[in-house]
Amino acid sequence: MLTVLLRAAVLYFLIIAAVRLMGKRQIGELQPSELVITILLSNIATLPIEDRSLPMLTGVIPIVTLVCLDVFVSQLTLRSRRIRKLVSGEPKMIITQGRVNASLLKELRFSVDDLMEALRQMDVFDISEVQLAVVETTGQVSVCTKQDSKGKDPPLLVGADGELMPDALSAIGRDVKWARKMLHAEGCREEDIFIMTAERSGAYTVIKKEDCL
Amino acid sequence: MKRLVICGLLMAVVAFVSLYARHSVLDRSESLCDMTDAVLAAYREPDTALARLDELERRWSSVRRQLGFFVRTDRLEEISCRVARLKAMYTDGSDDFAAECLELEERLRLLIV
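Residue numbers (the numbering used here), protein chains in the order written: chain D, 1 to 213; chain U, 214 to 326.
There's no promise every hint is true.
If you want the ones that stay clear, here's a sample from chain U, every Cβ over 12 Å from chain D, calculated [as the list claims (entries may be wrong)]: (1) 234; (2) 240; (3) 244; (4) 258; (5) 268; (6) 275; (7) 287; (8) 290; (9) 300; (10) 307.
Some chain U residues close to chain D (C-beta under 10 Å, calculated; not the full set) [as the list claims (entries may be wrong)]: (11) 220; (12) 230; (13) 231; (14) 272; (15) 303.
Okay, derived cross-link-like pairs now, DSSO-like style, lysine-lysine, Cα gap no bigger than 30 Å in a straight line [to be verified]: (16) D/152 <-> D/92; (17) D/208 <-> D/181; (18) U/215 <-> D/208; (19) D/152 <-> D/181; (20) D/152 <-> D/209; (21) D/85 <-> U/300; (22) D/85 <-> D/208; (23) D/181 <-> D/209; (24) D/209 <-> U/215.
Worth flagging that the hints you see were computed from the coordinates, not collected in a lab.
Quick reminder that beta carbons are idealized off the backbone N, C-alpha and C, glycines included.
Turn these sequences into a full structure, and let the hints steer you where they fit.
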C-alpha cells in the first residue's frame, strides 16, 4: 500500500509539472494533438500506480517523452504555417455569405443536426440569420450573424507571419497578385506581414511585424 | 525558448536513462547467464558445483534490486524462485537440474525483451 501511495504522489507531481511545461489551455480548447497527449498521459500515469510489478520508470519515461515531443511539435507549428496546418488542421467556413457549404459539411462529417446544434449553442436559432460560420481547429463553431456583420462577411485572415494565404484570398474572390499590390501600396513587403485581413469588398488591414510590441 | 531548453535537457536525460537501462539489463543478464552455464558445466563435480551455485545466488541477490528499476518485478520474482530452487535440486540429485538451469538461462535472456 505504501508503494502505491508513494507512486501516486510522485506521478501526481510529475503530471502537474508536465501540464505546466506544456502550458495547456482549457480542455475545451485543446487542439487534436493536445487532446491525444492528454488522453495518453492520463492513461500512462495510472499504469504504474495500479500495477505494482511495473517499474516506476515505465510510467515516467513515456510521460516525459510525450510532453517533450508535444513542446517540440508546438514550437515547430509556431514557426511554420505548413506544419501547423498538418498538425492542427485549419478553420473551415461551413457558411459563407449566408449560404451553407454542403460538400464541406460532408467532408467534415458534420450532419445538419450537428450544425443546428452548434448554432443553437451560439444562441442562433434561425439559420437564415447566419452570415458566416466557421468550424475552428478545436471543433468549436464560431458564428457571425447578418445583424452583427450588416449583411457582409467579416474580414478574413489572408496573410500571417510573412506568408500570404491563397486559399483564404480565393474565398473572398481575390488572389495573391491583388494582395501583393495592396502590400506594395502600403510600402510593405510580404515577409514583413504579421497579420493581414481582407474582405470581399476589397477593404483590408495590414499589421506589420515592426508595429508589434 | 526556456521551455524548449528544459525539454531538450529532459529528452537527453530520458535517452541516457533508456540507454543505461538497456545496457545495464543486458550486461547483468549476460553475466548471470554465464554463471548459470558455469553451474551446468560443473554439474558432475560436487565441490565446484556447490561453490558456483552459491556464487550465482549471491550475484543474483545483489543484481535483483538494481534490475527492479527497469524490469517488471513479477519476472524478477520468477527468476528468484528458480535460483532458490537450484541448490535444493542439486543436493537432492534431481534429474531435472540441468533442465532447470537451461530454463533459468532462458528467463535471464528474456529480461532484455
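Checked hints:
1. 234: Per Cβ check, residue 234 of chain U is inside 12 Å of chain D; nearest 7 Å; violated.
2. 240: holds, 17 Å
3. 244: Nearest chain D Cβ is 20 Å from residue 244 of chain U, so the label holds.
4. 258: The claim stands: residue 258 of chain U keeps its Cβ more than 12 Å from every Cβ of chain D (closest is about 38 Å).
5. 268: For residue 268 of chain U, whose nearest Cβ neighbour in chain D is about 27 Å away, the distance exceeds 12 Å, so it holds.
6. 275: It holds; residue 275 of chain U is separated from chain D by about 18 Å at its closest Cβ, greater than 12 Å.
7. 287: The claim is violated: residue 287 of chain U sits with its nearest Cβ about 4 Å from chain D, within 12 Å.
8. 290: Residue 290 of chain U not clear of chain D: closest Cβ-Cβ about 8 Å, inside 12 Å.
9. 300: holds, 26 Å
10. 307: Holds, because the least Cβ-Cβ distance between residue 307 of chain U and chain D comes to about 29 Å, which exceeds 12 Å.
11. 220: holds, 4 Å
12. 230: holds, 7 Å
13. 231: Holds, about 7 Å.
14. 272: violated, 21 Å
15. 303: violated, 29 Å
16. D/152 <-> D/92: Judged against 30 Å, a Cα distance of about 18 Å means the pair holds.
17. D/208 <-> D/181: Since the Cα atoms of residue 208 of chain D and residue 181 of chain D sit roughly 16 Å apart, the hinted pair holds (cutoff 30 Å).
18. U/215 <-> D/208: holds, 26 Å
19. D/152 <-> D/181: holds, 23 Å
20. D/152 <-> D/209: This hinted pair holds, its Cα atoms lying about 28 Å apart.
21. D/85 <-> U/300: violated, 65 Å
22. D/85 <-> D/208: Holds, because 22 Å separates the two Cα atoms, which is no more than 30 Å.
23. D/181 <-> D/209: Answer holds: residue 181 of chain D to residue 209 of chain D is near 18 Å, not above 30 Å.
24. D/209 <-> U/215: holds, 23 Å
Comparing the model with each numbered hint stated earlier shows that hints 1, 7, 8, 14, 15, 21 do not hold.
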